[in-house]
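Protein chains in written order, with this note's numbering: chain A, 1 to 223; chain B, 1 to 248; chain C, 1 to 223.
Check before you lean on any hint, since a few could be wrong.
Listing some non-contacts, in silico: residues in chain C with all C-beta distances to chain A over 12 Å [what the hints assert, rightly or not]:
#1 Ala15
#2 Trp125
#3 Arg140
#4 Asp141
Using C-beta positions, here's what the derived DEER-type ranges look like [unchecked claim]:
#5 C/Val87 - B/Asp70: 21 to 29 Å
#6 C/Trp59 - B/Gln63: 49 to 57 Å
#7 A/Gln124 - B/Ser42: 30 to 38 Å
#8 C/Glu216 - A/His53: 15 to 23 Å
#9 C/Ala41 - A/Leu204: 29 to 37 Å
#10 C/Glu216 - A/Ala3: 28 to 36 Å
#11 A/Leu60 - B/Ala133: 49 to 57 Å
#12 A/Gln124 - B/Pro41: 20 to 28 Å
#13 C/Ser90 - A/Leu60: 47 to 55 Å
#14 A/Glu126 - C/Arg149: 31 to 39 Å
#15 C/Val210 - A/Leu202: 32 to 40 Å
#16 C/Trp59 - A/Tyr189: 32 to 40 Å
#17 C/Ser217 - A/Leu60: 18 to 26 Å
#18 B/Gly203 - A/His53: 24 to 32 Å
Straight-line distance between alpha carbons at most 20 Å, and here's what the computed EDC-like set of lysine to aspartate or glutamate pairs gives [unchecked claim]:
#19 B/Lys162 - B/Glu80
#20 B/Lys162 - C/Glu126
#21 B/Lys11 - B/Asp216
#22 B/Lys11 - B/Glu176
#23 B/Lys113 - C/Asp66
It is worth saying that the hints were derived from the structure and are not from the lab. The structure presented is a predicted model; accordingly, all values stated were derived computationally and were not measured. Don't be surprised by glycine CBs; every beta carbon is placed ideally from N, CA and C.
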Amino acid sequence: MEALIYNFFNLEILLKVHPLLLKGFWMTLQLCLLVVPLGIAGGLVVAVAYSFHVRWLNWLLIAYVDFFRSFPPLVLLILVFYGLPFIGLEVPSLIAVLIAFLLNTASYYGEIFRAGIESIGRGQREAARSTGLTGLQTMVYVVLPQAVRNVLPDLISNTLEVIKFTALASVVALPELLRMGRVAQGLTYNPTPLIAVALIYLALLWPIVRLLSRLERRTMAKR
Amino acid sequence: MTAPLPMLDLKGVRKSFGAIEALKGIDLSVARQELVFIIGPSGSGKSTLLRCCNRLEEPTAGQVLFDGVDILSPGIDINETRRHIGMVFQSFNLYPHLTALGNVTLALRRVLKLPRDDANERGRAALDEVGLAERAHAWPNELSGGQQQRVAIARALALEPKVMLFDEPTSALDPELVGSVLDVMRAMRESGMTMLVVSHEMGFAREAADRVLFMDEGEVVEEGAPARIFEAPAHARTREFLRRVTGH
Amino acid sequence: MNRIAENFFDLAVMAKYLPSIIDGVWVTIHLAVLIVLSGLALGFVLAVVRAFQIRPVNWLIVLVVDVFRALPPIVIMIVFYFALPFVGISMSGFVVAWLSLTLVLASFAEEIFWTGILSVDRGQWEAARSTGLGFLQTLRDVVLPQAVRLTIPPLTNRTIVITKSTAIASVVAVQEILTQASAAQAFSANTTPLTMAAIAYLIIFFPLVVLSRWVESRFGWKR
Chain A
1 MEALIYNFFN LEILLKVHPL LLKGFWMTLQ LCLLVVPLGI AGGLVVAVAY SFHVRWLNWL
61 LIAYVDFFRS FPPLVLLILV FYGLPFIGLE VPSLIAVLIA FLLNTASYYG EIFRAGIESI
121 GRGQREAARS TGLTGLQTMV YVVLPQAVRN VLPDLISNTL EVIKFTALAS VVALPELLRM
181 GRVAQGLTYN PTPLIAVALI YLALLWPIVR LLSRLERRTM AKR
Chain B
1 MTAPLPMLDL KGVRKSFGAI EALKGIDLSV ARQELVFIIG PSGSGKSTLL RCCNRLEEPT
61 AGQVLFDGVD ILSPGIDINE TRRHIGMVFQ SFNLYPHLTA LGNVTLALRR VLKLPRDDAN
121 ERGRAALDEV GLAERAHAWP NELSGGQQQR VAIARALALE PKVMLFDEPT SALDPELVGS
181 VLDVMRAMRE SGMTMLVVSH EMGFAREAAD RVLFMDEGEV VEEGAPARIF EAPAHARTRE
241 FLRRVTGH
Chain C
1 MNRIAENFFD LAVMAKYLPS IIDGVWVTIH LAVLIVLSGL ALGFVLAVVR AFQIRPVNWL
61 IVLVVDVFRA LPPIVIMIVF YFALPFVGIS MSGFVVAWLS LTLVLASFAE EIFWTGILSV
121 DRGQWEAARS TGLGFLQTLR DVVLPQAVRL TIPPLTNRTI VITKSTAIAS VVAVQEILTQ
181 ASAAQAFSAN TTPLTMAAIA YLIIFFPLVV LSRWVESRFG WKR
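Here chain A stands alone, though its shape is the one from the complex (with noise of 0.2 Å):
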């Protein structure tokens, strides 16, 4: 008992490193602030692209999807981070995470947005068109906020992901959170700072996967 709490929860170690934890949490904080909203914007231009069913567009957009679908993002982001100053780009490591982040995400947001726009009646957007509405006005005034109602749960659950992603950049000594966690173990010789970080994910995301839950509920029992 002694061992895990001096081990595990040791408020001393925990009060030397906490300055380094805390930037890691801003890090991370500032990576899903981007990686978040980059990643939707970039799966709804998917999502958007493939419901004017052009098909040879169609064929690439589930190409690109099904691709960065197959492929780890660990992997994708190992490869651009070290790929990327081979070819001669030589970028922050921030902007090549966001680049291994934003392709990986864009086709998981992308598919889910396609699924809400398809789920959503011929009906809806002939009553928009004949108003005189415009194929893009009809799209997000009257599609996109009843297939984004569709899709919510499955929005969040993917949102939670890519939260949860953000830990990889740590593998690319980007100073996020988990990197600050390791960094600060390994200056105390004591995992009390790795157990924080975990705790600290924890708060974070345990109310998203509480209301996930419950919005599961409700929509697989609809169904």
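Go by the hints and put chains B and C onto chain A.
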């Protein structure tokens, strides 16, 4: 000589859902081979009463005697008891992943532990009784509502129950399909089945029921022979209800 | 263009490191198959136990399931691998990767199975119980066959996502594809091994992603 034992005997049955009292002390005795019909507005507690008879709802108080045995007593094997009490639901509740025959034979195989061949034989016989022998291998979604409800009746009949409970068996059916289900119920009646029926089919009640109960707000307001209830209801509430459902 | 060919598709490097990448492929497949088997089985058992509605047991299940859904897999692996030895629990990297992802998959699977069980209409329970079937018989013969069918599409997607995360096992020194490729990249000072890893992942997962599209259309929610 003592009077013959009733098939079902409910004494002071009460059921509360939280603060709401759905049944306010019901006494009801159903004799062997009797068809008792329960009518009343929605929310009057008819379905709850029916579901207390096989403990799909647990009564809050009172006694439910089935064939002389108190099925609420702690020592009772409720699954063993339920196979003798058939039930038919408003929404059929056929198992969508099983064929008509599969629906009928599931309990035969799992509760009676019959070998597959025996179960199938008995299942086919039950489907034959409801006129659906040739649809034995159809899936529920390939059957009309009336056919689905007849399969549901066969599912209960196959267990050779001593009493059948019907919970609005025709309410979910298109009007033209109601007749086929009522025909089956009529035939069961003629073969001497004890039946407790919650339904709005007043014509069927008038013609086939031995006794009609009118329930409202968790109580039995009045009961009597169908002709008496329909032609000369004693209670204002009964009159009001009948006026609304028959439309004059 | 030449530069890309040299750094990403160097045939000599490919030939030299192909055997070690293939070794990695077998480790990845081995790990993935074990995770799928144990994760789905554990998730199923937990959902069935939850169906008994024993309060304290259910709270425990929900707690564990929530934690493993909320934490990023990489955080779980790092805590298991770098923190647990301090309290006397040492596991090999392979066991850590297997255990972590098994728990993650089991948690998601439990939630999906449970939602499936809940989505089976109450009338199905009542009809079965009215014919004398017991609780367990009803669960096994009536409810689960319907619930499992409903859960196949979300379960397939989730299983693919989590087996892809075996790439994270590279962080805890499992000799899977990404580890092999990273080592080869370091030795050869060339990105080609990472390209090979990417291709290897595509070969393994692309068919699964295509399969999941088929499953979605075949077992979709409509009955």
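Structure-based check of all given hints:
For C/Ala15, the shortest C-beta to C-beta distance to chain A comes to about 19 Å, beyond the 12 Å cut-off, and the non-interface label holds. Listed as a non-interface residue, C/Trp125 keeps its Cβ farther than 12 Å from every Cβ of chain A; the least gap is roughly 14 Å. Under the 12 Å C-beta cut-off, the non-interface status given to C/Arg140 relative to chain A holds; the minimum distance is some 21 Å. For C/Asp141, the shortest C-beta to C-beta distance to chain A comes to about 21 Å, beyond the 12 Å cut-off, and the non-interface label holds.
For the pair C/Val87 and B/Asp70, the beta carbons lie near 57 Å from each other, so the given range of 21 to 29 Å is not met. For the pair C/Trp59 and B/Gln63, the supplied restraint of 49 to 57 Å is violated, since their beta-carbon distance comes to about 37 Å. With their beta carbons about 35 Å apart, A/Gln124 and B/Ser42 fall inside the hinted range of 30 to 38 Å. Distance hint check for C/Glu216 and A/His53: the Cβ-Cβ separation is about 19 Å, which falls inside the suggested range of 15 to 23 Å.
At about 30 Å, the beta-carbon gap between C/Ala41 and A/Leu204 stays in the expected band of 29 to 37 Å. A C-beta distance of roughly 49 Å is found between C/Glu216 and A/Ala3, which places it outside the suggested range of 28 to 36 Å. Separated by about 56 Å at the C-beta atoms, A/Leu60 and B/Ala133 satisfy the suggested range of 49 to 57 Å. For the pair A/Gln124 and B/Pro41, the supplied restraint of 20 to 28 Å is violated, since their beta-carbon distance comes to about 39 Å.
As the Cβ distance of C/Ser90 to A/Leu60 is approximately 49 Å, the hint placing it in 47 to 55 Å holds. Taken as a hint, the range 31 to 39 Å holds for the pair A/Glu126 and C/Arg149, whose Cβ atoms sit roughly 34 Å apart. Against the hinted window of 32 to 40 Å, the Cβ-Cβ separation of C/Val210 and A/Leu202 comes to about 35 Å, which satisfies the hint. Distance hint check for C/Trp59 and A/Tyr189: the Cβ-Cβ separation is about 36 Å, which falls inside the suggested range of 32 to 40 Å.
The hinted range of 18 to 26 Å is satisfied by C/Ser217 and A/Leu60, whose Cβ atoms lie roughly 20 Å apart. The beta-carbon spacing between B/Gly203 and A/His53, approximately 55 Å, falls outside the hinted interval of 24 to 32 Å. In summary, the hint linking B/Lys162 to B/Glu80 is supported, as the alpha carbons are separated by about 13 Å, within the 20 Å threshold. Between B/Lys162 and C/Glu126, the direct Cα distance comes to roughly 19 Å. Compliance with the 20 Å bound is thereby established for this hinted pair.
Annotation: proposed proximity of B/Lys11 to B/Asp216 holds, straight-line Cα distance about 18 Å (limit 20 Å). Between the alpha carbons of B/Lys11 and B/Glu176 the distance comes to roughly 39 Å, so the proposed pair goes past 20 Å and is violated. Restraint check for B/Lys113 and C/Asp66: the C-alpha separation of about 41 Å exceeds 20 Å, so the hint is violated.
Violated hints for the displayed structure, listed by number in ascending order: 5, 6, 10, 12, 18, 22, 23.
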